[in-house]
Amino acid sequence: MFRIQKTSADYYLAGRKVNSFINASAISSDYLSAASFLGVAGVAFLFGFDGIIYALGFFTGYIALLLFLASPLRKFGRYTVPDFVSERFHSKTARILGVIGVLFVSLFYMAPQLLGAGKVMGLLLGMEYRSAIVAISIIITVYVAVGGMKGTTINQLVQFWILFGAMFLLAFIPFVMKGYSYTDVVNFISSFKGTAPGGKVFDGAAYTSPAYWLTNLKDTMSLLLALMFGTAGLPHILVRFYTAPDGKAARRTVIYVLLLIGMFYILSPYVGHVIRFAYLQGEQLGISPHLMQWLAENGKNLAVPVGGSYFGGQILLGIVVAGAFAAILSTVAGLIIACAGAIGHDLVVNVFNPNMPERTRVTIARIASLGIGLLGIPLGFMVENMQIAILVGLAFAIAASTFFPVLVMGVWWPKMTRAGAIAGLITGIVGSFAMILGKGMLPTVLQFKNPGGFVMILTFAAIYIASKMEIASKGEDALPHDIEEVMTILHGPEKA
Amino acid sequence: MSSSNETVKPIGTAIDRIRRRQLSLALNIGIPYFAAIIGMFLVVYLAGPSVAAVNIMGFPLHYWLVAVAVYPITWALFIWYVGKANRMEDDIEQEDI
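Chains as they are written, first to last, in the working numbering: chain A, 91 to 586; chain B, 6 to 102.
One or more hints might be untrue.
Claimed, not checked - Pulled a few chain A residues facing chain B out of the computed Cβ check, cut under 7 Å:
#1 G528
#2 I579
#3 H581
What the hints assert, rightly or not - Quick list of simulated restraints, FRET-style, between CB atoms:
#4 B:R22 - A:R220: 56 to 62 Å
#5 A:K268 - B:M45: 45 to 51 Å
#6 A:N306 - B:A41: 18 to 24 Å
#7 B:A41 - A:G288: 48 to 54 Å
#8 A:T273 - B:I43: 22 to 28 Å
#9 A:A225 - B:V59: 48 to 54 Å
#10 A:V232 - B:Q99: 38 to 44 Å
#11 B:A41 - A:V520: 30 to 36 Å
#12 A:F262 - B:I61: 48 to 54 Å
#13 B:M45 - A:I405: 36 to 42 Å
#14 A:G461 - B:Q99: 32 to 38 Å
#15 B:L66 - A:L375: 27 to 33 Å
#16 B:R22 - A:I555: 45 to 51 Å
Claimed, not checked - Chain B stretches covered by chain A per the calculated footprint, using a threshold of three residues with CB under 8 Å from any CB of chain A:
#17 35-41
#18 52-64
#19 78-91
Simulated from the structure, these hints should not be mistaken for laboratory data. Don't be surprised by glycine CBs; every beta carbon is placed ideally from N, CA and C.
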């Protein structure tokens, strides 16, 4: 059961030999976190049609990755985003900024996973939210510190299929066995107007129309761009492509991922709607007051497990909870490993001490994992009242606004300079940080539900302008000396 | 074989040509694709409640577009793209750089 990881490469990347389908299942499992499993159906339950933007964005996110990054990054053969910027631009500053970015994205991604775990424990065991967060953080941390990624690759294959099976049953039972077609469900909801259970006024026609929640255009566009381009910057997803044998296999892997997660994202919004449909008819359908109360208070995050309990009784509830924990465990494990990689490999080894012995490297990776894992506790506490998918959307905002522009321009634009990279990283990190955490202090025109798309455009501009300025002042000297070589590795034929 | 009469391209131009070829393939598919998805969402969004009134086979048009149609279209387009991009990769391997 427990494997001892012999080298630090084993620890981070399972020794790099994983085939496309297994790798795709593992990537999908990493990707289908609590945000997708609980959050996407939850946000559809909460906001109806507008909530579907999350399914659309999370799915199409892989396209940018496929078109622009999967193959070149695999050919370049770098472990992490900080590694990429350091090799491409030979800049320690860029590498350190990259590490800050990885940590920033990963922690934002981790918080909603813990939120999901805490809420599910409350539903299942009646456990108090904060105690649940502490227990889960400790369990996950120990799991990662003992297993590394090899443990997680094998488990993730199984976990993906548990997740998919649970979501499939949640759609199959109402759709086929109860005969609630998508059409009937949407039509019933859109004709509902009046007081919903729990005493709130509910306007079904608005709920099933656009602009129920996304009430202005700038919010809608910024959110859509963040979701569509965030995936291509997610550290724990990018790191997975290094386990594909070559650039072509990396592309094939993305196709499998698209098929696997696409099926999932077609089902999820239906599930969110059908739970809303059931909720609106609570009494007629004989849903227990206990479940109705959970839906009224925590439906935004717990629609999926509560729906599981209603449609499939204890058995489906059990599968759904197993699915939720599988999603949370594998995602958080992937994130902790990406962070441990950023700290252990990028910061400590490459920036401070390149001659560190192997044993010390493994020890550092373990200590970093422990630290990041336990940070989950305060993070989980902070986000108690938020919605999972919306919260993960903010991690996508940082990924889209920071890593995506830097990677895409770095890969495809030979004239991007070190100053461009640093300017881009700073714009992305500072911009998204300020606009997310300092939202209340900004003028209304700069307040976004999700600033990702907006900051992404600024970052592209910053990279372009700073690179042009550096070239204008230093001439060709502004370009890294080995740019031809790097471009050949990124785009040229792979060595047999 | 004498190379004195051949024009030997510097490495920079050869790799640049390959890079541009791959980039133009990615952009030729990526730009229309993203424009279509974003455009579709924008049209649905701007049309607002009036789009909700249009039904196709009893199911609202905006749901068809955003929650259903995107998936098969994306699968078909990008399965085709990966075949093409990987064939281009094979061509590049045949080329002498």
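So the hint says 30 to 36 Å: do the beta-carbon atoms of A41 (chain B) and V520 (chain A) match that?
holds, 33 Å
Notebook entry, point to check: Are G528 (chain A) and chain B close enough, Cβ to Cβ, to be under 7 Å, as the hint says?
Noted result: violated, 27 Å
> Does the Cβ-Cβ separation between M45 (chain B) and I405 (chain A) fall within 36 to 42 Å?
Replying inline: The hinted range 36 to 42 Å holds for M45 (chain B) and I405 (chain A), with Cβ atoms some 39 Å apart.
(message) Verify this for me: three or more residues of the segment 35-41 of chain B with a beta carbon less than 8 Å from a beta carbon of chain A.
(response) holds (count 3)
Review point. Would the stated hint for H581 (chain A) survive a check requiring a Cβ distance to chain B of less than 7 Å?
Key: At about 4 Å, which falls below the 7 Å cut-off, the nearest Cβ of chain B leaves the hint on H581 (chain A) intact, so it holds.
### Closest C-beta approach of I579 (chain A) to chain B relative to 7 Å, hint status
violated, 10 Å
| request: Given the range 18 to 24 Å, decide if the beta-carbon distance of N306 (chain A) to A41 (chain B) lies inside it. | output: holds, 23 Å
Would you say the C-beta atoms of K268 (chain A) and M45 (chain B) sit inside 45 to 51 Å of each other? violated, 31 Å
Requested in this report: Hint says 22 to 28 Å; check whether the CB-CB distance for T273 (chain A) and I43 (chain B) agrees.
Outcome: At 27 Å between Cβs, range holds.
Within 8 Å of chain A (C-beta), three or more residues of the segment 78-91 of chain B: The restraint on the segment 78-91 of chain B holds, since 8 of its residues have a Cβ under 8 Å from chain A and three suffice.
Exercise. Lying within 32 to 38 Å: is that true of the beta-carbon distance G461 (chain A) to Q99 (chain B)?
Worked result: With a Cβ separation near 49 Å, G461 (chain A) and Q99 (chain B) fall outside 32 to 38 Å, so the hint is violated.
ask   = Holds or violated: 38 to 44 Å for the Cβ distance of V232 (chain A) and Q99 (chain B)?
value = violated, 51 Å
Hints 1, 2, 5, 7, 10, 12, 14 and 16 from the earlier list are contradicted by this structure; the remaining hints agree with it.
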